[in-house]
Amino acid sequence: MVISSTLLFSPLPILNTTFRNHLPLFSPPHCRGRGRGRRPLLLIRAKNGGRGESAEPPDRLISAACYLYPFLDGVHFGRFLLLQFPPFQLFLLPFSPAIRLFRASPLNPLLLFLTLYFAVVRNPSSFSRYVRFNTMQAIVLDVLLIFPDLIEHSFAPQDGIGLNIVMSIDSTVFLFLLISLVYGSTTCLMGQVPRLPIVAEAADRQDFSVLLIVFTTVSLISGIPLIVTINLRV
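According to my numbering, the sequence shown is numbered sequentially starting from 29.
I should point out that these hints are in silico values taken from the structure, not numbers from a laboratory.
The reader is advised that the hints may include incorrect statements.
Restraint ranges, calculated between C-beta atoms of paired labels, are given here [stated by the list, open to error]:
#, residue 1, residue 2, range
1, 89, 190, 34 to 44 Å
2, 86, 129, 34 to 44 Å
3, 196, 134, 20 to 30 Å
4, 135, 200, 25 to 35 Å
5, 220, 186, 37 to 47 Å
Idealized CB from N, CA, C, for every residue including glycine.
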């Protein structure tokens, strides 16, 4: 298949870095600065009458496209599943150009992460809360990929029950990413707010500090993954 050579690669090595930001992402203006705890909330207001209104078409498209980021970064988790069920690769053929472009440079995942976070999430003057919430949700989903990657790098079993466990974990992660892509993008295109389990709570908490570990590159000489810790407050 055309996509086989694209998908069957080893996971990217890991890199780590630390940033702090202090402005809440989703706090209503009248609540800022108060000492009491606030319940996480995403508000999308209509321009007339204060009633709820679906997002504008440009916001829908941008938000839907953001869910490609974690899928492209974690598509390698599907290699075992695609080997067992080759016809399943037909579904991924439309994503083949995007996958090749995403993997063209080991720096692409990091550059895309920084672009999404600093140019979109931390840019309320240019993007609506709807877009920033969905972008942050996609980023958090991508960050969670560090855990299956760490398991794979730490144990790297070649056969036996260890390999079966890794295959099961990788296939489950891939299916979750695929479902998240379909659900998130479709919901955004309909103008609604997708809420992924666990991920949504992390994305719209007003005071949320999370350890973000970003996959990027590895030393070509040593081949040892670099881990960079990014501590973000949204």
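So, going through the hints one by one against the coordinates:
1. 89 - 190: 34 to 44 Å: holds (43 Å)
2. 86 - 129: 34 to 44 Å: At roughly 23 Å between Cβ atoms, residue 129 and residue 86 fall outside 34 to 44 Å, so the hint is violated.
3. 196 - 134: 20 to 30 Å: holds (28 Å)
4. 135 - 200: 25 to 35 Å: 29 Å Cβ-Cβ, so the 25 to 35 Å window holds.
5. 220 - 186: 37 to 47 Å: holds (45 Å)
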